[in-house]
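If you read the protein sequences in the order shown, they are chains A and B.
Residue 117, in my numbering, is where the first sequence stops; the numbers in between run on with no holes.
Residue 237, in my numbering, is where the second sequence stops; the numbers in between run on with no holes.
Hints in this document: simulated from the structure, not taken from any laboratory.
Please read all numbers here as calculations on a predicted model, not as lab measurements.
The beta carbon of each residue, even a glycine, is placed where N, CA and C say it ideally should be.
Some hints could be false.
Derived pair list, reagent style DSS-like, types lysine-lysine, alpha-carbon separation capped at 25 Å [stated by the list, open to error]:
{"no.": "1", "chain 1": "A", "residue 1": "K104", "chain 2": "A", "residue 2": "K55"}
{"no.": "2", "chain 1": "A", "residue 1": "K104", "chain 2": "A", "residue 2": "K71"}
{"no.": "3", "chain 1": "B", "residue 1": "K177", "chain 2": "A", "residue 2": "K104"}
{"no.": "4", "chain 1": "B", "residue 1": "K191", "chain 2": "A", "residue 2": "K104"}
Covered by chain A, according to a simulated footprint, are these stretches of chain B (three or more residues, beta-carbon under 8 Å) [said to hold, decoys possible]:
{"no.": "5", "region": "178 to 187"}
{"no.": "6", "region": "223 to 237"}
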Amino acid sequence: GNSVTQMEGPVTLSEEAFLTINCTYTATGYPSLFWYVQYPGEGLQLLLKATKADDKGSNKGFEATYRKETTSFHLEKGSVQVSDSAVYFCALSSFSGGYNKLIFGAGTRLAVHP
Amino acid sequence: DTGVSQNPRHKITKRGQNVTFRCDPISEHNRLYWYRQTLGQGPEFLTYFQNEAQLEKSRLLSDRFSAERPKGSFSTLEIQRTEQGDSAMYLCASSPRGGATGSGEQYFGPGTRLTVT
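With the rest of the complex left out, here is chain B (with noise of 0.2 Å):
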């Protein structure tokens, strides 16, 4: 297994554009994770799915922002009339079915570097 992936690795856009951003997890994990980084930041939650269900979503993913994840495999990430502010790194994580006894690790792709100009 390679690991997360996520694509593409870098994006520029201008303000006002939609993006969106591609996550494949490891293939045998249900859990996936979307996570924002500025700079300077540690990666923050956005949003949390198990399988298909999307269980939790963060004050951060605004109404501009929609997560999907269809059959419970990859997942994507839009947003919708982008602001400069929008501009970060966007992790994905994907975790193993756990639960209270887990150790709660996570697995982290490479990141989409979003720049809105």
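The shape of chain A in the complex, shown without the other chains (with noise of 0.2 Å):
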């Protein structure tokens, strides 16, 4: 069945730090991904997205690249900020039984440190 596979956390960054939070998927056929973005006591929000193979979505200097090859969609900003601390989420959307059903990954807690 389809899944998806984050890193661990918590990952803890000083801030301007490069940030990489890793997310490889399973599925058949050709899901989309996304990245989305939970703060504290807060619902998703959704912070990128890439439909097919080799779509960069980006988004607030994230970014993340849709490898078919390797079954990734890793997730990385140049220069962290404080304010980028919360928990992410990669997902993948396929479309069976007539609708798009999303999957997630456990989530990684973000840390960044003046």
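Join the two chains into one complex using the hints; note that each chain is given alone, in its own frame.
Right, dumping it as structure tokens:
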């Protein structure tokens, strides 16, 4: 079945450091891939997406490239800020049964210190 | 549009009581989903509505759980005879009419955190 695996957290970085959060997936067909972010006490916000191989999603300085050959969608940011502290979820969406179903990874907590 | 809203944001209840949560999706979205998120985990799919029709239910949704979406607008999720294992964040999401060619993104509400004592 479809599944998503993320690197375990927490990831602790100093402000302005480079961020990578690894995500790999298993899926049949051609899923869309997403990164969602969850700030404390809040729901999930869509951060970025990619719908086909080699697409790069980007938003707020974050980037991720859909790599079909390695079944990966790693999240990167060149210079993190304290305000980026949150939990990040990688997800895939596959069309089945007439609708798109989201499957999430376990999440990776990021803590950025001044 | 203010996005997906959920009420209440927090609910504390005693074991054995019934609780009901409400979700108001983005107005033009005809698809609505419920997820459950336990501490340290990603959201897990519970059920899906297209308009007023409930088209899929996860095995996670025991017979104590029931969801409705009358008139294809807001939705309610009821848990009867709550158990401590029901303690979780219950998330609602909506998406516009899509299909195999759509990206499949969903828009989430802030969630209802349930604590069963």
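Enumerate the violated hints, using their earlier numbering and listing them in ascending order.
5
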